[in-house]
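**Q** Sequence:
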Amino acid sequence: MPPKIVPSDVGMQHLVFKLHDLPTSRHALFQPSRRAVEPSWLYRTIAYRYPNLVLGMNATWDAAVAYRLRSLVLKNEGTAGVTLRDGLPCGGGPGCVVDRALAHARDTVAWTGFDEASDFRAPKAIAPSDWASSADKATILYALLVHAGVDARLAGLVRAHTHEVDKAFPLLAWRNHTLVVARLGNEDIWLDPSCDLCGRGELTLWSRDRDSLAVFGNGDEMKIEWRRATGRAPALRDVRRTVHAVTLQEQGGAVVASTLSTAGGEALASCRDARDWDADHWRAAVRRVVKDFSRAGELFENKPGICQREGGTDERSLRARLPTFAAAWDDGLVVPLRLLVPPVSLPRRDARQTDFVVASPSERGDELRLVPPPGYAFASVPASFQQQHRRVLVRFELRCDGPALVLLRVVSLAAGATPQAEYPRVRAVLDAAAAVAVRAVSLQKTPGRGGLRRAAARDEAADEATVTSRVTPGQVAM
352 MPPKIVPSDV
362 GMQHLVFKLH
372 DLPTSRHALF
382 QPSRRAVEPS
392 WLYRTIAYRY
402 PNLVLGMNAT
412 WDAAVAYRLR
422 SLVLKNEGTA
432 GVTLRDGLPC
442 GGGPGCVVDR
452 ALAHARDTVA
462 WTGFDEASDF
472 RAPKAIAPSD
482 WASSADKATI
492 LYALLVHAGV
502 DARLAGLVRA
512 HTHEVDKAFP
522 LLAWRNHTLV
532 VARLGNEDIW
542 LDPSCDLCGR
552 GELTLWSRDR
562 DSLAVFGNGD
572 EMKIEWRRAT
582 GRAPALRDVR
592 RTVHAVTLQE
602 QGGAVVASTL
612 STAGGEALAS
622 CRDARDWDAD
632 HWRAAVRRVV
642 KDFSRAGELF
652 ENKPGICQRE
662 GGTDERSLRA
672 RLPTFAAAWD
682 DGLVVPLRLL
692 VPPVSLPRRD
702 ARQTDFVVAS
712 PSERGDELRL
722 VPPPGYAFAS
732 VPASFQQQHR
742 RVLVRFELRC
752 DGPALVLLRV
762 VSLAAGATPQ
772 AEYPRVRAVL
782 DAAAAVAVRA
792 VSLQKTPGRG
802 GLRRAAARDE
812 AADEATVTSR
822 VTPGQVAM
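Going letter by letter, the sequence shown gives residues 352 to 829 in the working numbering.
Hints may contain errors.
Simulated restraints, written as ranges between beta carbons of each label pair [said to hold, decoys possible]: (1) T581 with R741: 27 to 35 Å; (2) D502 with D782: 53 to 61 Å; (3) A766 with P674: 22 to 30 Å; (4) P674 with T581: 55 to 63 Å; (5) D560 with A768: 12 to 20 Å.
I should point out that these hints are in silico values taken from the structure, not numbers from a laboratory.
What you are looking at is a predicted structure, and each value in this text was computed from that prediction instead of being measured.
Backbone N, C-alpha and C fix where the C-beta goes; we use that ideal spot for every residue, glycine too.
Can you make the complete structure from the sequences, with help from the hints?
**A** If you want it as structure tokens, here you go:
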């Protein structure tokens, strides 16, 4: 049935509607396990036990906002003791105060999530906890700005690609993201403390140009207004760089020292994992990486990560022994390049129905440094190349660094859209980058360590076999 408003006996109204014809989840992971938490707004489920929902709703948006935020906005309850920490000297500049408050709000609680509660918690209740929704982050930022003398207001909205708000139904439960608006002079600055790399006036794609309900106090009155969230896109560039230093051994084993450095969104994801995972979890994850190198690999050093959230960078490293890495034959080694894993994972190969879109620029560089055993030299290596189509560039090059051979592959994606008809050419460029991982490098033992003697012995044996093959059985009998 369509949504309808039903008055209640206590002066509130109820929004009543019935769910029906719910599509089955395409991902089996979310089907049986999500039954225990139904109804869920996040996942499509196979069935609802309780298809009739009743949500408490106020008569007007003013009443809904006053019910939730009056104590925070008008009475400043719960904000006592929330003051801006010492940091960069501002020199009286309001923009610097906003920047400091933004950094302070992000660091107050380590975890930044997107789950929204219907109630706004007071800052003094948020700080001791180990989690915070975007509403919690916005509440802390709002309190910091108010205590610093900045005219600020909270703004709730619905993220893009989730659902839409029906303004005819005054219900704050529609909201799933919260921003802060700081008024500096005649300019409104939109702030998103849930985005670790969004500076002053920068909003992500899910909140830009969305209708928001802004709340502020005017004397003893609560004021609301519908505002369009405006801001520029954050200047993000995702960078991921891996460096594998492989010291080869004569029997085919190797010692690998790997370092992973990330920046931008890649770094934020790894920093998030660093907050959520304990040491045992990290160790198990790294051991799985080593097993991908070699099933008999042994991890003997692991640095979980050096996360710089303000700069948006992260770095972690490991060292491992691989008893079987290269294939040994006669006086040589064959070294696979499987550590140069495919840099970009593309899904299906059938014809695309939409354009190939890159939302933000990214770069992935993979470097493999091979140090040969004493007395070995590189005999054959793959050829370098460079391919490009529109916004996709792949570069593969080799260089010598003393006795070591350095192989570098860089894949760069520029922001923008490529027409769907040209997607096969984009895939061909990325397939060339992925094909590097199935190639190999061969090494040959150099003279001076028995190589010439063994080579001469092989040649002598070959000559003897040739002469023997020319002798007839009768000649052998004589």
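**Q** If any of the earlier hints don't hold here, list their numbers in rising order.
**A** As far as the earlier hints go, only 3 is violated by this structure.
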